[in-house]
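Chains as they are written, first to last, in our numbering: chain Y, 1 to 273; chain H, 1 to 168.
Quick caveat, the hints were computed from the structure, so don't treat them as lab data.
Where a beta carbon is used, it is the ideal one built from N, C-alpha and C, also for glycine.
There could be a bad hint or two in this list.
Unchecked claim - Chain H residues, not near chain Y, derived (Cβ > 12 Å throughout):
hint, residue
1, S14
2, L29
3, R45
4, M55
5, L66
6, K90
7, H91
8, F117
9, S121
10, F151
11, L153
Claimed, not checked - Capping the alpha-carbon separation at 27 Å, the derived lysine-lysine pairs in BS3-like fashion look like this:
hint, chain 1, residue 1, chain 2, residue 2
12, Y, K31, H, K143
13, Y, K38, H, K143
14, Y, K172, Y, K188
15, H, K143, Y, K12
16, Y, K41, H, K143
Listed below are the residues making up each chain.
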Amino acid sequence: MQRIINVLVQFKNLILYLILLGISLLFINSKSDFHQYKFEKYGLYLSGGLHDFSNNISGYFDLKKENLRLHKENSTLKVLELKSQALPLYTNKTIVTGRFPFRVKNVRVIKNSFQNQRNYLIIDQGSEMGIRPEMAVISAQGILGIVKSVSKHYSNIISILHLDLKINVQLKNKSAFGSLVWTGKDPKKFSLNDVILSSDIKVGDTLITGGMSSYFPLGIPVGQISKVETSPKNGYFKISVELFKDPSQVHYAYVIKNEDIDELKVLKSGIPQ
Amino acid sequence: MNSYTLNTVISFFSFLLLQVFVFNHINFLGTINPMLYLLFLINYRFDQNQTFFIMLGFALGFSIDLLSQTGGAHTIAALTISFFRPFIIKHSFGVISETPKSFQSSPKTLNRFLFLFLIISIHHLIYFVVVYFSWDALYLILKNTFLSSIFSLILILLINSLYRNSDD
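Isolated chain H, as found in the complex (with noise of 0.2 Å):
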C-alpha cells in the first residue's frame, strides 16, 4: 500500500465522520450545511482509475446517507458527480483526465474557480432535487442550492487554501 492510497483511505474515512457528525449539524441559518466531503471528491488525482472512482463516489454518499439516516439523495449526489467529473475537468481546464498531475501543478485560479463552482453547484442542485423531488418545491430547491452552494463554495475555498498551503 503506497502512500497515496493511505492517504485517500485515510481522507475518506476523515470526510465522512467529520460530515456526519460535525458539518451535517452546523444549521447554519437554520438549514443550511455545508456538504465538505466534496472536498474528496475535487480533491482525488485526476490521472486515476475512473471506474474506481464512480465506486468510491458511490460508496462515500451510501456511508453518509447510512449514517445520517437521510434517504438516498447523498449517494445519487456524489456517485452523479463521480460520474461526470472528467467531463467538469474537461470543461473548465480544458484538459482531459488522462493529463498527468504534473501539468495541472499550477492551473489558473480562474479555472479552479470555475470547477470548484462547477462541482459543488451541480452536486447540490441534484442533492435538493432529489431531498424535495416534486415541482411545487421549485422555489425551495433553487433557494437551498444557492445558498447551501455559497456556503459551502466559501468553507471548501478557506480549507482546500489552508491545505495546499501547509502541501507546499
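Extracted from the complex, chain Y is given alone in its bound form (with noise of 0.2 Å):
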C-alpha cells in the first residue's frame, strides 16, 4: 500500500495532467459539435475493431455448432430441389397430386474408403435415427451410394465407388438410358454402359439419376460424359463419364428415404418372376 502511494505520489504532475487532460476532452466534446463528431467516429473505429477481433476469435469456437446448424438447414432446403429437380420430369404423378415420397435426413459420414474395389463408408446415425437398408445416400453435388447395414447409432452404405454397385442414370433433356459403374481406379472416372446405339449422345451432356431405381429421385445431377466411343460389335456405346465430386472427399451427406419404399416391394413381389 505504501508503495502504490510512493508510486502515486512520485507520478502526482503525470497523473494531475492526464487528469486534466481527460476533462478538458470531456469539455471539448460537450462544446463542439465537429469534434464530437470525430471522437465518435475515432470511437465507434476502436470498438468496431475490437468487436471484430472478439468476434472472429469466437466465431472460431461456435463453427462446429454452425455448421451443424447449416447442415439441419441444408437438409431442408435439400429436399426442395430434389423436389424441383424431379417435378419437370414426373410426368404426372408429382403435377397432379403435389406428391414427393421423398424425405432427407442429414447425416455426417465418419469413414470413407476409396483404395480397395468394393468401398464402403459408415455414417453416424442408426436405427434410432429411422436409417433403413436400401436407402440412398447423396451428397451436395451427386450421389454417394446405397444403405446396406444399419446398427442402432450406426450405419454402412455401398459406396458408388464399389464395382458391382449399379446405378440407373438417364441423360439430361434426352431418353437415353443407361447405368452407371465404377471403372475401379479414379474415384472419379465412371463407365456408362448399356446405352443403345441408335441414342444420340455427346461429350459434355449431363447425367442425372434416372427414376427406376426406386431408390433415386428422378434428377439428381451426376456427373458429365467425358468420353464416347462406339463398339458396332454389341450394339452398345463405350462412354466415359467424369462425376461432379469426388465422393472420396465428402464429410456431410444427406439419406433419402422414399416413403413409398414399402408399396412398391408389394407390387414388384407380386410380379411373377
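Taking the hints as your guide, dock the two standalone chains into a single complex.
Structure follows, in C-alpha cells:
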C-alpha cells in the first residue's frame, strides 16, 4: 500500500496532467459538435475493430455448432431442390397430386474408403434415427451410395465406388438410359454401360439419376460424359463419365428415404418372376 | 500573501483578460492571432511547485476557452505546455526546474530563444491540431502553426525585453 502511494506521489504530475487532459477532452466534446463527431468516429473505429476481433475468435469456437445448423438447414433445402429437379421430369404423378415421396436426413460421414475395389462408408446415424437398409445416400453435388446395413447408431453404406453397384441413370433432356459403374481406379472416373447405339450422345452431356431404381429420386445431377466410343460389335456405346464431385472427399451427406418403398415392394413381389 | 503570489495572481488575470479582449481580435492577415498569455507560462518561476503550475496552466487555458467561446483547444495546449515545461527547460537550458533562480539570472540568449521557440511552437502546434483535428487539414495546421508562432514569438520577445528592461 505504501509503495502504491509512493508511486502515486512520484507520478502525481503525470496523473494530474492526464486527469486534467481528460476533463478538457470532455469539455471539448460537450462544446464542439465537430469534435464530438470526430471522437465518436474514432471511438466507433476502435470499438468496431475490437468487436470484430472478438467476434472472429468467438465465431471460430462456434464453427462446429454453426456447421451442424447449416447442415440441418441444407437438408430441408435439399428436399426442395430434389423436388424441383424431379417435378418437370415426373410426367404426371407429382404434378397432379403435388406429392413428393422422398424425405431427407442429414448425416456425417465418419469413415470413407476409396482404395479398395469394393468400398464402404460409415455414417453417424443408425436405426434409432430412422435409417433403414436400401435407402439412398447423396452428397451436396452427386450421389454417394446405398445403405447396406444399420446398427443402432451407425449405418454401413455401399459406396458408388463399388464394382458391383450399378446406378440407373439417364441423360438430361434426352431419353437415353444406362447404368453407371465405377471403373475401379480414379474415384471420379466412371463408365456408362448399356446405352443403345441409336441414342444421340455427345461429350459434355449431363447425367442425372433415372427414376427406375426407386432408391434415388429422379433428376439428381451425377456427372458429365467425358468420352464416347462406339463398339459396333455388341450394339452399345462405350462411354466414360466424370463425376461432378469426388465421392471420396465428402464429409457431410444426406440419406434419402422413399416413403413409398413398401408400396413398391409389394407391387414388385406381385409380379411373377 | 507575499508579493510574488500577488504578482502571479495579477499577471494571471491581466493576461487572461488581455488575451480574451485584445489579442484574440487582432486577426493579423485575416486569421493570425498572437497568444500572449503564453508569457505567463513562460515567465512563471522555474523553482516553484510543478503540480500547482499544471493546475494554473489548466485554469488559464480553461478560462480563456470559456470567455472566448472556443471548444477546448486553449485548455489542452496550455495544460500540455505546463506539464512539459520542465522537460523543455531541461532541453533548452540544460538545467532542471529545481535549480534556484539565482543560477538562471543570466542565461545565454540562444538558450532563452530556444526555450521560447520550443514553448511557443509546441503550444501552437497542439492548439491548431486540436482546432482542426483532421488529417485532411494537415497543411492548414502546419501553415497556421508556423505563421502564428512567428507572430507570437516576435511579440513575446518584444514585450519580454521591455518588461525585463523596466525590471532591472
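Query raised in the report: Which hints, by number, does the structure contradict?
Result: Hint check: 4, 5 and 15 fail, others pass.
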